[in-house]
Amino acid sequence: MSLKTVADIATGEELLHVDDISLSFGGVKAIQDISFDITKGEIRAIIGPNGAGKTSMLNVINGFYHPQVGTITFLGEERRKMRPYMAACQGISRTFQNVALFAGMSTLDNIMAGRSLKMHKNFFWQMFRYGPALNEEIEHRRAVEEIIDFLEIEPIRKTPVGQLPYGLQKRVELGRALAAEPSLLLLDEPMAGMNLEEKEDMSRFIIDVNQQFGTTIALIEHDMGVVMDLADRIVVLDYGKKIADGLPAQVQADQNVIDAYLGVAH
Amino acid sequence: MFYREAGQFKTTYKADQAIFPIFQDRMAIAIYLLIAFVAIPVFGNDFFITSMMIPFLIFSLAAIGLNILVGYTGQISLGTGAFMGVGAYACYKLTTIFPDINIIVLIISSGFFSAVIGMLFGLPSLRIKGFYLVVTTLAAQFFLEWCFIRIPWLYNYNDSGAIEVPQREVFGIIATGASATPTTRYLIVLAIVVVMTWIASNIIHGRIGRAWMMIRDMDIAAELMGIRPLNAKLSAFAVSSFYCGVAGAMMVFFWLGAAEVESFDINHSFLILFMVVIGGLGSLVGSFLGAAFIWILPVILRAIPRTFGLDINAATIEHVNFMIIGGLIIFFLIVEPHGLARLWGLAKQKLRVWPFPY
Amino acid sequence: MFKKLIFGAVAVAMVSGAQVNNAYAEDTLYLPSLSYRTGPYAGGGVPIANGFSDYMTMLNERDGGIGGVKVVVEECETGYNSQKGVECYESTKSKNALVYNPMSTGITLQLVPKAPVDQIPVFSMGYGLSATAVGEKFPWGFNYPTTYWSQLSAILKYIDSKGGVKGKKIGYIYLDVGYGREPLPLLEKLSKSMGFSIARFPVAGKEMQNQSSHWLNVRKEKPDWMIMWGWGAMNSTAIKEAAKIRFPMDHFIGNWWAGADADLAPVGKIGKGYLAANFSGIGTDFPAIKDIFTHVLDAGKSTQTTDRDQVGDVLYNRAVANAVIVAEAIMAAQKSTGKKVINGADMRLGLETFNLSADRLKELGLEGFMAPIKASCKDHEGGGGIFVQQWNGSAWEKISEPISPETDVIRPLLEEAAAKYIADKPDWKTQTCS
Amino acid sequence: MELLKGIFQYPFEEMANGPAFLLQVLWEGFVAGTLYSLLALGFVLIFKASGVFNFAQGIMVVFAALSLVGFHAAGLPAYVSLFLALAVMGALAWTVERVVLRKLVNQPDLILFMATIGLSYFLIGFGEFIFGGEPKSMITEELGLPTGSSVIDIFDDIVILQHLDIAAALIAAILVIGLALFFSKTRIGRALRAVADDHQAALSVGISLNQIWAIVWFAAGIVALATGIMWGARSDVSFALQIVALKALPVLILGGFTSVPGAIIGGLIVGFSEKLFEVYWGGLLGGGVEGWFAYVVALIFLLFRPQGLFGEKIIERV
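Chains as they are written, first to last, in the numbering used here: chain A, 1 to 266; chain B, 267 to 624; chain C, 625 to 1058; chain D, 1059 to 1376.
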C-alpha cells in the first residue's frame, strides 16, 4: 500500500546498517550472523516465528543488548557497545512488546516523558518553575498536544495510563515514542492483542507517521496481512538466523519462509 | 457545592500546566497558609506549637525527602535517620566555625553535606535494585551512626558526645537555644518547610521530576527514552538527602535543642518510611498527612483513655501505638497503596460532585 | 481530611489543656515520671518507674501526701529515647511540674538547658551531666547523691584498696552513648595521676547482646580489672561473656546501673563474685519499704502492677531513694516558702536546702538505706559515698563500707567541665553561693 | 607508615604470636557465623517460596523465644512449652498468610517488603503487650542444652569451647540438613521449589500457593525458634535482638537471596571476617566496627557482584 516505489528504496540513503551481528546468552544463541540495512523513509518489517530473535534484534539496535560479534552503523557512525540512552540521543526511539508505559503517570506526562531529551533547562530554574523552565515546559506541552491531536487521544490527556484499555495504552506508547521526534522508530508488535478495528487504526497511524513526518520505521509484527500491507521491505528471521530479506512479494514467495512458517523440520 | 471546577476554562497551556489549576485549590492553600502563619501562632499554646506543630513540620519535610526517593523514584532507603544526622552534625559544625552567619543560611547549607553523602551511598543504586538497595542504605545508616560517635570532632569533643545547640539570633531575635520562644522557632520552621515544599512541588512537576517517575515506573523504558539512570537516580538521592538533611538540622536546632546519635537511629528511618507509606507514596500532600498521622496518633491514643477517665499504663499505650501503626501499614498497603493522600483525593472528588453521589 | 486532622490536633491540644487545669488547679503536687516500660532498656525502667510511683503512693496513703498535699505522679513513656523524652517534657511541663527525673542521661542532656528557661529543676540522681554538680553554674541541675565522676573515683579507690592500681591495666567497657562516655575524660586524667593504663571497650547500643568480639579483645588486652558502665541487656551479656573467657569475676566491677537484680538474675551462678557499686539499700528490711507493702501493694493501690518480688530490688530501691530525696526537697520547699502547693522555682530552693541526715533517715524508716545528704547551693551532688556489693550467685550482698569519692580531685575537674559547658551560652544564668 | 604497619604488619604478627587466641577468634567467628546463617536461612526460605523479603524474621526470632520462655514462666514443662511455641509460630504463619500475603499477591516486591516492616512493628507492639518489654533469660538448662565449657590446651595457651556453642552449630547443621531433605524428598518440598520458579506455572499444575506460603512461613518460624533459643541462651531474650537480626541482610547479599548453601557460607564469611576485623584491625578505628563492617562489605560486594556469590547473573528482558 506504500506510495513509495521499489526504486525509491533502492536509491534511498542508508540510515542503519547491521553487520554480522551475533548475540548469545550463556550457551543460547539468540542471533547469529545477521546483516541487513534500513534506508531513510522506509517501513522495514522484521518477522519470524516465536523465538526467532526479533525482539533481541531490536534490543541490539537500541543498545539494550550488546552483541558479541558484529557492528551497527547508524547515520554513518559505527558503534559497538553503547548504553540505551545514547541510542536515544542519536534519535532511535521505540515501543515495547508488552506495553512499557509509566503506569503511575498521566497520558500527558507519558508523552512529555518522550520529550525528555529535548528539555535541558537547569536545576535552578526547575526549582522555581519560572522563566526558562516554565517556557520550556509550555513549549513542549504545545508539541505534545500536536501528537495528542494526531493520535486522537484528547479525552484521556489527564488520565493515569494504568487505567486505560490496552488498545489506548499502545497508542499512548506510540505517542511517547513519536514525541522524541526520532529518526528511527522501532515498533515491537504494535498490534499485538488488538481487535481488527484497533489494528486498522494503528496501521493508519503508522502509515501517517511514516508519510507525514517522514519517520523511518522498523517494526516487528505477527499479522502477516498487516505486514505485507505496511512494509516496504521485510527481513525474515528464524532461530536467530536471517532466512530471507526483500520486498513483501519476494519474501512471500520464498521457500525458506514458507517452510519456517509451516514448520518444516530443520 | 463550593468545590467546582465547572466554568473554569483554561485558555493557555500555562494555566493548564499550573500546579493548582483549580481556583478553589488555590484558595484552600491560601487558607491553610493563613491558619499556619497567623492563627496557630496567635491561638496555639506552647505545648501545641513545640510538641505538635514543630515536629510535625520537620517530619513532614523529612517525609517529603524520603518520598522523593521512595515514592517518586522508586528507590527504597532505610538510611533517612542517618542522612538527617548528617544535616544536623553539619549544621552544628558550621555554626561552630561560622558563628556569625545567619543560622537559617547554615541550616540550608547543611543540606548540601547530606546531599553529597546521600549521593555517595546512592551510587550502588545504579547497579542494584529493590531491597538490595536496602542493604546499602542500612550500611549508610550504621556506618554514619558509628561516625557520629567515633569522630569526636563532629561534636566538638564534648564529653557527653551530644551536640548542644548554641544560642543564635536571626535579625536580632533569638532563634535557637533554650531561650528562643516556641513561636519564633515555629515560624522559622514553617517558612523553611513551606518554601521547600513549593520547590519540591516545582521540581516534581518539571523535567527532573518526570525523569524520576520514569525511572520508578519502568527504568528500562526510561533509559530508552534517553534518561540517564545515573543522573536521575543520583539527583533523586541528592535532593532527597538534602531535604532530610535540612529536616535533621531543624530537628536539632529548632526542636530538640540537643541530640545524641540515638536521635538519628534506624527507628527514625522506619518512622519516616511509615509516614511516607501511610501518607501516600508519590504524594507531597501525603507526606504531610502521613507525618501528621504518625506524630499525632500516639498523642491521641494517650488522650482518649484519659477523657473517658480510664487510667491506662503509659507502656500499654506505647504497645498499642506500635500495633496500630504496624497494622495500619499493612492495611494501607493492602487496601490503599496510595495512602491517606488518595483518601484525601477521594474526599475532594466527592466534594466536587456533591450533593450527587457521582 | 487535612482539616479534620488539624481540628483533631486542636481538639487534642484543648483536651490536654483541660487536663492542665485538672492537674494543678487543685491542691496537688504534680510529679511527671519519665518512665520506660518499653524498649531494650525496659528491664531497668520497669522497677525504677514502679519504685518511684509506689513510694509516692505510699506517702499519699499513709500520710495523706506531703505536708498534707496529695502527690500526683503521671508517667510518660520515653522508651529511653531522648526525643520522646523531650516530647514528654513539653507535654507535662505546663501542668506545674515540680521536678524532672529523666531516668536517662540522654534525656537529661536535653533538659538541662531547658530547665532555667521553664524554671523547673532537673534532678538526675546519680546520672546525667556530671558537671551539674557545680551549683554556681547549674542552678537548675542536681545529681545527688553523687556524680559519675565521683563514683568512678570511688570505684578506683576500691580497686586501689584491693592490691593497688599503680602499674595495672584497667579495662573500661561501656555502653557507647552519652551515659557510657561521661566518665571517659576523668578516666584519662586519673590514669595519669594514679599511674594505671586503660583499655577501652565501647559497646554500641545495637551490639549490646552480641559482645563476643568485645570480650575477645578483653582477652587480648589482658586487663587486671574491668570496670563496666553498662545498662539494660548489655550487663547480663557482658557478665556471661566475662565468665566465658574466664575473667575473674571479683575483678569485674560495674557502676550502679550495672548491678541490678534484673542484670544478674539471668546470669545466675556463673556471675558469682561480680562486683557493683551501689548507693541505695538492698532488700525489704526497712520500715518504709514495709509500709509500701502495707499501704500500697496489699491495699491494691499500686497504680502500676508491681510484682511483689520486685520490691527490694536494687533498682526499685534506687527509685525509692530518688522519691525520698524529691519528697524531702518538697518538704523543705514547703517549709521555707510557707506555701503548701509549690512550684518549680520553690522546688529548686527545696533541692538546695533539704537535709537528709542520718536521724532524718531513721525517722523516715530508712536507717542505713542510703548515705545522708546535706543539700547546698554550691554542691549539687551532695558528696554521698558509694558502697560495693557482690553477687553471691542468687542475691546481692553489701561487702564494703561507704567509700567517699576523691572530692578534692574531682571538684576542680567538675568546675572546669561546667565552665566549658556554659562558655558558648551567652545568656546562661549562674548563681553565686554565699 | 605506622598506619600501614598497623594494617599490614602488626595484626599478622599478633596472629602468629598467639595462635591459640587466633583459634579462639576463629571459633567465635564460626559460632557467630552459624547464628547469622540460621537467621539468613529464615529469610531465604520465605524469599525462595514467595519472593517476599521478610523483614519481620528478626522479630519472629524474638517472638518465638519469648513464647517459649513465656509458656515456661506460666508453669508449663520445658518441652510442652517448646511444643506450644511451635504451635504459636504455626498460628502466626497461618495468620500472616491469611491476613497479609493472600491480600498482596502480585504486588510489587517493594510493597510486600514494606508490609513485612509493618508486620514487624505490629509484632513488636504485640510481643511487648503480652510478654512485657524487659529481657528474659532463656530456659537453657530446662531444655536440656549443655551449659558447660571445655578447655583445650594448645600452643601454651587455651581455647575455650562453650558446649552451648557446639550444640548451636550441631542444631544448625541438623536444621539445614533436615530442611534440605524436606525440600528435595517430599511432595510439599517439590511443590515449594516449583512455586519458587514460577507462581503462575505452579498454580496451573494445581499447587495451592496459600498452603505453600503458610508452610514456608511455618518453616521459617521453626528456624526462628531455633535461632531464638540459641541466641537467647548466649545472652538474653530481648527485643534488642531484632536489630542484630538485620545482619542477615549482608549475609544474604553475600550468599544470594535464594540459595540455602549461600546463606550458610555467607553467614560464616560474615561471622569470621567481622570477628577477625574487629579484633585485629578494629582498634585502628577506635573499635565498635562490628556494627557496620558486614554492611560495608556487602555494599562493596554489591558493586562488583550484584547477584551474590551463588546467584545467577540476571538477564533483563523488555
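Don't take each hint at face value.
[As the list claims (entries may be wrong)] Taking CB as the label site, the calculated pair distances span:
#	chain 1	residue 1	chain 2	residue 2	range
1	B	LEU496	A	PHE25	44 to 50 Å
2	A	ARG204	D	GLN1269	38 to 44 Å
3	D	TYR1137	B	ILE566	43 to 49 Å
4	D	SER1266	B	ILE566	54 to 60 Å
5	D	SER1266	B	LEU300	26 to 32 Å
6	A	PHE150	D	GLN1269	51 to 57 Å
7	D	ILE1169	C	SER1018	37 to 43 Å
[As the list claims (entries may be wrong)] When the alpha-carbon atoms are kept at most 20 Å apart in a straight line, the in silico SDA-like pairs for lysine to any residue are as follows:
#	chain 1	residue 1	chain 2	residue 2
8	D	LYS1106	D	LEU1222
9	C	LYS868	D	LYS1106
10	A	LYS158	B	ALA305
[Stated by the list, open to error] Some chain C residues well away from chain D (every beta-carbon gap over 10 Å; in silico):
#	residue
11	THR662
12	GLY667
13	GLN835
14	LEU921
If you're looking for bench data, these hints aren't it; they were derived computationally from the structure.
The C-beta atom is built at its ideal place from N, Cα and C for all residues, glycine as well.
#### Entry: Earlier hints that do not hold, by number
Structure breaks hints 1, 2, 4, 5, 7, 8, 9, 10, 11, 12 and 13.
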